[in-house]
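> The chain contents come next:
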Amino acid sequence: PRPFFLGNRQPSRKPPCSHFPDMLHRTLQTKLRALVGVKRVIDYTVKIRVGANGVVTDGVRHSANPFDENAIEAAVQMKEKKIVNEIVAVTIGGPKSVEVLRGSALALGCDKAIHVKLDSDDTQLEPLLVAKALQKIAGEVEADMILLGKQAIDDDCCQTPQLLAGLMDAPQATWVSSMEIADDKKSVTITRELDDGLQKLQVPLPAVFSTDYRLNEPRFPTLPNIMKAKKKPLQEKTLADLGITDTTPRIKVKAVSEPPKRAAGVTVKSVDELVDKLKNEAKCI
Amino acid sequence: MTDIGSRNVFDSDHDTFRASVRRFFEERVVPFHKEWEKQGFCPRSLWKEAGENGFLGVAMPEEYGGAGTDILYSSVIWEEQSYAGASGPGFHLHSEIVMPYLLNYGSEEQKKNYLPKLASGDCIGAIAMTEPSAGSDLQGIKTNAVRKDGQWVINGSKTYITNGGNSDLAIVVAKTGDKGTKVAHGISLFLVDTNLPGFTKGNLLQKLGMKAQDTCELFFDNVTVPDSALLGEENKGFYYLMNELPQERLLIAGMAISACEAMYEWTREFVKDRKAFGRTIADLQTVKHRMADMKMQIAAGRSFYDDCLLRHNEGKLDSATASMAKAWLTDLQCKVADEGVQLHGGAGYMWEYPICRAYADARVQRIYGGSNEIMKELIARTI
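As you go down the protein sequences, you meet chains A and B in turn.
Residue numbering for the first sequence follows our numbering, starting at 1 and increasing by one per position.
Residue numbering for the second sequence follows our numbering, starting at 286 and increasing by one per position.
Mixed in with the good hints, there may be bad ones.
Said to hold, decoys possible - No more than 20 Å apart at the CA atoms, straight line, and that leaves these computed lysine-lysine pairs for PhoX-like:
no., chain 1, residue 1, chain 2, residue 2
1, A, K261, B, K560
2, A, K47, B, K557
3, A, K117, A, K136
4, A, K279, A, K269
5, A, K112, A, K231
6, B, K557, A, K261
7, B, K521, B, K467
8, A, K112, A, K230
9, B, K319, B, K492
Hints were generated in silico from the structure; no laboratory data involved.
Working from the sequences, and respecting the hints, build out all of it.
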């Protein structure tokens, strides 16, 4: 049975990229356009502290989400191999999010950037809202492939790529650890890492990809590229510009706390005692 | 304080570059540093990696393989290396001392021949001034170069040469003046390929600190070089050296203040965590006051360094001010190191703790690049 949250929508009979009509014509073009999503998050090296209002972000070092760097690197490598013609980077976030565009995406080799600017840097971004915004952007720039990090390290939702593919009615390839573009540039053979092994899929373009650590080793931005980044086009948009008016949060954060400090262990005297503790104290069996 | 985005001297491009450089040291240098300390040198592959990522010779013009940037980008690199506690690779000597000599005094041919290779990390550079019998008293050098059959023949030895072990190119300071002339009027600089016959590298020297640095002695036994090896004009070497010293001193000062900040931060984290007598040692007033002392002096030192850096960027850093920065900040570095070790307690004496290695690394900063005693001489002359 179809999952309940898809409602009564009939399976689509239209070609798998219904966000604009002349897709078939475009996929026959030899050069592809990649859209890469980047999120500004607390740097992975920082020790997180929880304050009165949740995780402390003030004065804390932020940078581009590490998995998004894999996405940028994948796009840049494809551009170097002349498979991809243009890379557009996009971020959705408050004013400071522009740092990940200039400092990471553009400095690493993306050609253009779009900043969907929210009013505050502290807005809790929800995957559905981000997916809706990315859907609109993907349509506007006519992206052949959308590369996103598999999840953001601040919320670990791991939902945006999947939701985006659903909204676009496009194929999705998540947790990609290798990507090979077909010679005719119409499909991509990918390997995805699952808990129980590796899966190989062939995915027709346009599609949504979510990138994992083992896909590549992100490069360091070189000085010439850092300086060129200043001159590359960076567009600002609002959610309203994209026609998105409903920004009501679907998720409510009830509490944030640090994980409990590790307690001392206990030596048990028998297997029965162990089973009893596992059942009644740890409540895991 | 070395926090990205916290200093007026730098703009957002510098900060982006700093983030990149910091990650390079965090990911590609620090994890391997212990191993390199055991063997006494850094691998050539590290130099290639640094070159590939554009971290060598950034201030050199683009036509020679650099990025054509201002000295602030160079400062970012030497600061970040020191901040990471990675004293092994001699990047700063190679990029900010050896390469500028070539750029400022080299012929077009010499520049084209060496600078691109130095920028890519294929060629590692060193500068050989100090000798067993001449350190502060550079005029006491014995290494000499005589003309013979249209070439120069170099004889002598040098010691305590940074990057000596790995070096492919050494700028050798040798006497070329006629007998009777003052030594200062008779010194020349030569670009010497280290694999020439007669050129021997001594064993790596066992030092108190900077153990991953391939410092060694160099021996010249009738090393013959052509005219094209002479850097700049004959007998003008001493003046070239004098001209380049302010940058060298600023560099050492920059390394000093960044090391101070790193040591302060390690110490702060330690004292806030270390428990004794029912509370953390950071709660003790003696510790609080000593941390405050450190913080004050480091903040003031940082301010002075930034000012000197800006002046140097405008070409206005005079020798005496550079000497002040070098002497004052290296003295501070050693004081902070000592205090840091003390506040770490027994852990501060353990090599596995960064503060311990930083203490050992700091000691030479008051000695090389012009000993602090010489710095005071130079400052006194301007009073």
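> All hints, please: hold or fail.
Outcome of the hint check:
{"no.": "1", "hint": "A:K261 with B:K560", "in the structure": "holds (17 Å)"}
{"no.": "2", "hint": "A:K47 with B:K557", "in the structure": "holds (14 Å)"}
{"no.": "3", "hint": "A:K117 with A:K136", "in the structure": "holds (14 Å)"}
{"no.": "4", "hint": "A:K279 with A:K269", "in the structure": "holds (16 Å)"}
{"no.": "5", "hint": "A:K112 with A:K231", "in the structure": "holds (10 Å)"}
{"no.": "6", "hint": "B:K557 with A:K261", "in the structure": "holds (18 Å)"}
{"no.": "7", "hint": "B:K521 with B:K467", "in the structure": "holds (12 Å)"}
{"no.": "8", "hint": "A:K112 with A:K230", "in the structure": "holds (11 Å)"}
{"no.": "9", "hint": "B:K319 with B:K492", "in the structure": "holds (15 Å)"}
The structure is consistent with each of the numbered hints, conforming to all of them.
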